[in-house]
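Asks: Sequence:
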Amino acid sequence: MKIEVLKSKIHRVKVTGADINYIGSISIDECLMEASNIVVGEKVQVLNLTNGERLETYVIKGEKNSGDIFINGPAAKKISKGDEVIIVSYALINFEDAKSFRPTIIFPKDENSI
Numbered sequence: 003m004k005i006e007v008l009k010s011k012i013h014r015v016k017v018t019g020a021d022i023n024y025i026g027s028i029s030i031d032e033c034l035m036e037a038s039n040i041v042v043g044e045k046v047q048v049l050n051l052t053n054g055e056r057l058e059t060y061v062i063k064g065e066k067n068s069g070d071i072f073i074n075g076p077a078a079k080k081i082s083k084g085d086e087v088i089i090v091s092y093a094l095i096n097f098e099d100a101k102s103f104r105p106t107i108i109f110p111k112d113e114n115s116i
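The working numbering numbers the first residue of the sequence shown as 3 and each following residue consecutively.
No lab work stands behind these hints, which were simulated from the structure alone. Fair warning: this is a prediction, and the values are worked out from it, not measured in the lab. Don't take every hint at face value.
Said to hold, decoys possible - Within a straight-line C-alpha distance of at most 30 angstroms, the following computed DSS-like cross-link-like pairs (lysine-lysine) qualify: (1) LYS16 / LYS66; (2) LYS45 / LYS9; (3) LYS16 / LYS45; (4) LYS63 / LYS80; (5) LYS111 / LYS79; (6) LYS111 / LYS80; (7) LYS4 / LYS16.
Produce the complete structure using the sequences and hints provided.
Replies: Here you go:
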């Protein structure tokens, strides 16, 4: 049996931009992606601490060391520049392996730096 468990979490970052006219997705600073073990194209949940909205999208790589978190496409109707969010991803893991699995969780500092 497999279960879905937390794989990666970027805890409390500020959204630095939102573009309704972009195709879709969330752009995340490459450094934050590497530190949190999130890859390009990965499905993530974005939890908006500012207004309570939750949504799912996929990740595209943002500029390294920029601190950028951009919300693109229709998600920009639910999440705005300046909102504080948590970004999480999950993985399907064998039940026994899940007992010892430890997710990667990061707590960025001011301006979304590591």
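Asks: All the hints need checking, so say for each whether the structure fits it.
Replies: Here's how the hints hold up against the structure:
1. LYS16 / LYS66: Judged against 30 angstroms, a Cα distance of about 16 angstroms means the pair holds.
2. LYS45 / LYS9: Holds, at about 11 angstroms.
3. LYS16 / LYS45: holds (19 angstroms)
4. LYS63 / LYS80: Holds, because 21 angstroms separates the two Cα atoms, which is no more than 30 angstroms.
5. LYS111 / LYS79: holds (26 angstroms)
6. LYS111 / LYS80: holds (24 angstroms)
7. LYS4 / LYS16: violated (34 angstroms)
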